[in-house]
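Going down the list, the sequences are from chains A and B. Okay, so the first sequence: first residue is 1 according to the numbering used here, each after it adds one. Okay, so the second sequence: first residue is 1001 according to the numbering used here, each after it adds one.
Rather than coming from a laboratory, the hints here were simulated on the basis of the structure. Since the structure is predicted, the reported quantities are computational estimates derived from the model, not experimental observations. Some hints here could point you the wrong way.
Cβ-to-Cβ under 7 Å is the rule here; a few derived chain A residues that face chain B [stated by the list, open to error]:
| id | residue |
| --- | --- |
| 1 | A34 |
| 2 | P38 |
| 3 | I39 |
| 4 | I40 |
| 5 | G41 |
| 6 | A42 |
| 7 | L105 |
| 8 | F109 |
| 9 | E113 |
| 10 | L114 |
| 11 | R117 |
Capping the alpha-carbon separation at 35 Å, the derived lysine-lysine pairs in DSBU-like fashion look like this [claimed, not checked]:
| id | chain 1 | residue 1 | chain 2 | residue 2 |
| --- | --- | --- | --- | --- |
| 12 | B | K1054 | A | K129 |
| 13 | B | K1085 | A | K5 |
| 14 | B | K1054 | A | K12 |
| 15 | B | K1070 | A | K31 |
| 16 | A | K5 | B | K1070 |
| 17 | B | K1326 | B | K1464 |
| 18 | A | K12 | B | K1443 |
| 19 | A | K31 | B | K1054 |
| 20 | B | K1443 | B | K1252 |
| 21 | A | K129 | B | K1070 |
A virtual CB, placed ideally from N, CA and C, is assigned to each residue, including glycine.
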Amino acid sequence: MPTSKTDALAAKLVDHELTGGADAIGAVYEKTFAQLSPIIGAHGVRGIFARALEIVQPEQPLLRSFVVGTEPLRAAATLAPCLSRASVADARVAGIALYTAFFGLIVTFIGFELTVRLLHAAWPQVDMKET
Amino acid sequence: MTGVTIATIPSGVPGLDEVLGGGIPHLSFNLVVGGPGCGKTTLGHQIAFTNATKANRALYISIIGEPPLKMLRYQQQFSFFDAAKVGEAVRFIHLGEEARSGGLGRVLDRIVEEVARTNPAIVVVDSFRSMMHADKEPAAALDVQDFIQRLSIHLTTCEATTFLIGELSHDAEPESPIFTVADGIVALSQSTDRNSVVRKLQVVKMRGQGQMPGLQTMRISRDGVSVFPRLLTPDEHVKPSAPALRLETGDKTLDEMFGGGVPSGYSVLVCGPSGSGKTVLSNEFILAGAQRGEPGIIAVFERRPNDYLQTTPFGTEFQQLIREKKLDVLYLRPLDLSIDETLLEIRNAALRIGAKRIVIDSLSGLELALAPTFRDDFRESLYRIVGALTGVGATLLSTVELDDSYNFLRLSPHGIAFLSDAIVLQRYVEIDSELRRAIAVVKVRGSEHSKELREYAIEAGRLKVRAPLRNYDGLLTGRPRLRVPGKDP
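Just need the whole structure built from these sequences, with the hints factored in.
As structure tokens, then:
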């Protein structure tokens, strides 16, 4: 479940990707997918992402029209278009909520330490230990 | 001609290297087989984490079966799981999608790709049984054989030591060619007897090594898998004559009854009814040794060590001896122990502190602590206990509860008196309407000893052996008769 640590991790990674513009918010999923799918399987990563969306959708109006894609690699392809009409600040809040739930589910299964260790290769420049 | 030397790598599983004949042969292709819940995946992880470094990586390939997310979740609970190694030293790959979409051919291609990319020293494939079910094409069996054969050749040429894990029984499918390809086969099993489960491991095959034959018991704990090799040292139990070195029991009169103390290296059985002072005698035996610089072990099967230390009159002295590493009190009370696990724990403790005296208190408690399946072989088990523990150079004193029956004299409920080198008997006797205690040294192998039946008391937690009960006949019948002077038979 989301904790202050997973919340901080999600915020850090969303902020890192948002430097490339709001359109890049789906990159957090894509990079996570690249790291985790060889280990837990492509459908496993997509399944967790879909569950995370289910959890946060009631609280996040901006995400209500977002549908997780059936193709695991492109599961977050429509995330950015969903958020395109929102301000960057609102898109950031929605993105952080979604990824907090996403990482929270992963952490529930394998713990924070191992999650960070597995994600680190995707964001080597982000200091995840401080989260 | 000098043959090639086969190096071995450690399994990281306590006891397993000994069973394997020295470790896992480097570059070998091994099968780990057994039913669900036997510990195959845990064993695979334990070997991988033990050996993996950044220079010698381990590649753990999961296919169909336990979801990898859950596998990582559960394996983290074991102390050998080092999260710092995940990623670089231990790399996890899931090939479920490949198995579903491309069958065995695709799985093999991906394994080859990953091995070429990561150059691992250890490869674990979990599980190959699921691959057999994944490929439903005609002639699938042939494909699986071909797959295993090609995988074996490829991984060997890549200089990897490999483990294929599968829910396969070498007993049920002995003709399977997979077993021929493998250099080593480790079979795990578990059996239920009443409420207890006993896990066993068998090294069916290990090319190039002299593995230990037979079934070994194993346990899965927070530290992962531990194996308890069968200790077979019967020869060490045979002693042609009483050794010159005698050990003091703590009571001088009792020493005299032994013919000058307990012969060193002997197995002594102290039998008596409840409350007769068997534990008192065994404690004095340990304390007498400690006072002469002979470290001791007390294996308790009836009370917890803290209770034991608090209730024994020598508790303070014992606690001091434990701090000085001259005494170890082992609490062994679960109801699913195997005899080998028990033996190893006592033997390892004895070797650790250089014990010269070992007490098992009591054999009756030990029998209860064993899983039911081992109780059937209790006599054989005791035979091995005596051999193994006296084999480390210690003198063993075991207590055993005796039925307080006066119709016949049986020195132990297990028929194990013949295994003992010396036997001390404690009995209650009624004299002048008073319950009194009597002690006799029934047997000291290869040595003269007293045949007297002496009265004894327990005073201030110590055994005090007194004068012989010479004026009575029929003491052991429970109906002693006062002998009238001048009317001796």
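Hints, one by one, checked against the model:
no. : hint              : in the structure
1   : A34               : violated, 13 Å
2   : P38               : holds, 5 Å
3   : I39               : holds, 4 Å
4   : I40               : holds, 5 Å
5   : G41               : holds, 5 Å
6   : A42               : holds, 6 Å
7   : L105              : violated, 9 Å
8   : F109              : holds, 5 Å
9   : E113              : holds, 5 Å
10  : L114              : holds, 5 Å
11  : R117              : holds, 6 Å
12  : B/K1054 x A/K129  : holds, 21 Å
13  : B/K1085 x A/K5    : holds, 22 Å
14  : B/K1054 x A/K12   : holds, 29 Å
15  : B/K1070 x A/K31   : holds, 21 Å
16  : A/K5 x B/K1070    : holds, 22 Å
17  : B/K1326 x B/K1464 : holds, 25 Å
18  : A/K12 x B/K1443   : violated, 79 Å
19  : A/K31 x B/K1054   : holds, 24 Å
20  : B/K1443 x B/K1252 : holds, 18 Å
21  : A/K129 x B/K1070  : holds, 24 Å
Violation of the numbered hints given earlier is confined to hints 1, 7 and 18; the remaining hints are satisfied by the structure.
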